[in-house]
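If you read the sequences in order, they're chains H and W.
The UniProt record's numbering numbers the first residue of the first sequence as 1 and each following residue consecutively.
The UniProt record's numbering numbers the first residue of the second sequence as 1 and each following residue consecutively.
Any given hint might turn out to be false.
Among the chain W residues that face chain H by a calculated CB cut under 10 angstroms, a handful are [said to hold, decoys possible]:
| no. | residue |
| --- | --- |
| 1 | S55 |
| 2 | L56 |
| 3 | M57 |
| 4 | I61 |
| 5 | K63 |
| 6 | I64 |
| 7 | F74 |
| 8 | M76 |
| 9 | P78 |
| 10 | D80 |
Hints were generated in silico from the structure; no laboratory data involved.
Yeah, the Cβ is synthetic: ideal placement off N, Cα and C, and Gly gets one too.
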Amino acid sequence: MRKEDTVKLISAEGFEFVVDKRAAMVSQTIRNMLTSPGSFAETQLGEVTFPEISTTILEKICQYFHWSLQYASGKESEFHIEPELTLELMMAANYLHT
Amino acid sequence: MGGACSRKRDQQDDEETLQRGVSARYAKSGSSKWLATSFSRPAIDIQQGGGKCPSLMDLCIQKIREDIETHSKFSMLPRDISQLIFNDVVNSQRLNDVILEAFRDCALQDLNLGEYPGVNDSWLDVISSQGSSLLSVDLSGSEVTDAGLTCLKDCKNIQALNFNFCDQISDRGLEHLSGLSNLTSLSFRRNNAITAHGMSALTGLVNLVKLDLERCPKIYNGLIYLEGLSKLESLNIKWCNSITDSDLKPLSGLKNLKALQISCSKVTDSGIAYLRGLQKLALLNLEGCPVTTACLESVAALSALLYLNLNRCHLTDEGSERFSELGSLKVLNLGFNDITDACLVHLKGLTNLESLNLDSCRIGDGGMANLTGLRRLKCLELSDTEVGSNGLHHLSGLTNLESINLSFTVVTDIGLRKLSGLSSLKTLNLDVRHVTDSGLAALTGLTGLTHLDLFGARITDSGTVYLRNFKNLRSLEICGGGLTDAGMKNIKDLTSLTLLNLSQNCNLTDKTLELISGLTGLVSLNLSNSRITSSGLQHLKLLKNLKQLTLESCKVTANDIRKLQSTDLPNLVSFRPE
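Okay, chain H solo, but in the shape it has when bound (with noise of 0.2 angstroms):
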């Protein structure tokens, strides 16, 4: 995969996850951050970090971002979650708009 078609999320703790653009796509507030006009620092290096957000959760979201493209093409399986991880992921998840 080409590097402009890859965007890279950063966790709180500096964990960096490489993920398809189209994926990281599905949150509204990442999309924002790489298509908005003018030179922010995320549409230009492609990088958005997260200083809120856990290693943990964050890698449970790029799950989810994968998991909802699959969906989106047919392919519909059962997401799971952690039952210790679902509040925060919840509060993850509105700050992302996903």
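Got chain H sorted already, so can you dock chain W onto it with the hints?
For chain W alone, coordinates are given in the frame of chain H:
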């Protein structure tokens, strides 16, 4: 996402209520109304599979719903998220007094617990812990008492409170609300205990915009306490049958009043005179009041009036010339009055009318000529009148008509041709014994029809072929006895149907059930008095949306239906035999 907590505070739209009264869409199947209302708490199960991809938020909420018992506290979440969770556990009926505890101190804004089972005073503690965040609380139908209401005293920002059908609340409970001066909406429908004394607590609610005291029979002499509520726009005192003329006097200064409903009270013409100065009044509902045409003099002074309901009053032709002064009216209900064609002459100029109800008036063909110019009419109710085919001739130019009720009139097949050009028609009630297949043949151009009532019409299998044109039909009733299984081939493809009533067609057999088994949108099905048997029930398994099933006088027992309900029809809430 931010504004995710949708605020449906208004329990009922007055204007909508009135219009429903006028159009009487389900005149016959009165019972079908609840299909859309009483069970309206949306079941929002997110189906994984099929349809739109659920958002991560949806999935999280669903997960929380699944293991709600394991959560003991939500107060660390941002308010809008805990509000979403709260709404979801209410809608999915998972909330109980134990789970409620987890929502303590969540700064929730809206607690819509109307008609929720099990709500009592013990819930008020958590409810009031939302403190100054709390904006609306609906506890209608609950066991809450006066003591419970003390808890709300400190929720100073509350704007909307609903205690409809809370029969354990009395004057003392109202006193506890007297300091909630931010209230804009307050509702206490059907309360037998509230008296004028309790009403005195309302004097401080200076921001009140909407007050609903429907069916509070003891509030007479209490309206005096509303005198200073200058922001009041909507007052509903329907069915407060002790209200008399003098009670209306304090309302005369409420200049912002836009909607006033005093149906079924003792108010007479002289009481209406107190309302003359209400220049913003757009809706006046006097249904069932002993008023005569003499009240029209006062009514004519209401320059902003759009909706006037005079159904079941004491109107006669005498003095009816005053109607001509009500030129701005959009909705007029004159049903069940002793008026004749002579009165209709004075409606000629009411060209803004969109809805006119003349149900059971002594009117006939001659009077219809006066309606020819009412080009904006969308809804016309002529049920139980002497209107016949010659009268319909005058209506053929009313091309904006969307709904017309001709049940129990004397129209015949020939007259129906006059309706063939009314291409906006959506609702047509032809529950008329003289209407037959050939009448239906004249209507095939009305492809926009969504509701067709042929209850008593003599429709046979050969007539059903014309139904094929009505692909948008959502409700259909044919109960004249002339149908057999053969007719179903023309009904089975009407896949928009949600209500189907084919009762009284005693020749229908299980074959009919088989043929209509693909009408999966059906919410209500009635095949009473037919030859349906219990072995035919298997064909209903696919009708997953079915809420109401009526099979009286068939070879089907309540147990047969119950079995089907438990295995295949989870949404079935009402069935007969029961």
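Hints, one by one, checked against the model:
1. Among the interface hints, the one on S55(W) holds; its C-beta lies about 6 angstroms from the nearest C-beta in chain H, closer than the 10 angstroms criterion.
2. A hinted interface residue such as L56(W) counts as satisfied when its beta carbon comes closer than 10 angstroms to some beta carbon of chain H; here the least separation is about 4 angstroms, so the hint holds.
3. Hint on M57(W) holds. Least Cβ distance to chain H is approximately 5 angstroms, under the 10 angstroms limit.
4. Below 10 angstroms, beta-carbon pairs count as interface contacts, and I61(W) has one with chain H at about 7 angstroms; its hint therefore holds.
5. Checking K63(W) against chain H: minimum C-beta separation of about 5 angstroms stays under 10 angstroms; hint holds.
6. For I64(W), the interface hint holds, since its Cβ comes within 10 angstroms of a Cβ in chain H; the closest pair sits about 6 angstroms apart.
7. Using the Cβ-Cβ criterion of 10 angstroms, the hint placing F74(W) at the interface with chain H is satisfied: the shortest such distance is roughly 8 angstroms.
8. Contact between M76(W) and chain H, as hinted, is supported at the beta carbon level, the nearest pair being about 8 angstroms apart and thus within 10 angstroms.
9. For P78(W), the interface hint holds, the least distance from its beta-carbon to any beta-carbon of chain H being 7 angstroms, beneath 10 angstroms.
10. Hint on D80(W) holds. Least Cβ distance to chain H is approximately 7 angstroms, under the 10 angstroms limit.
Figure legend: structure checked against the earlier numbered hints; every hint is met.
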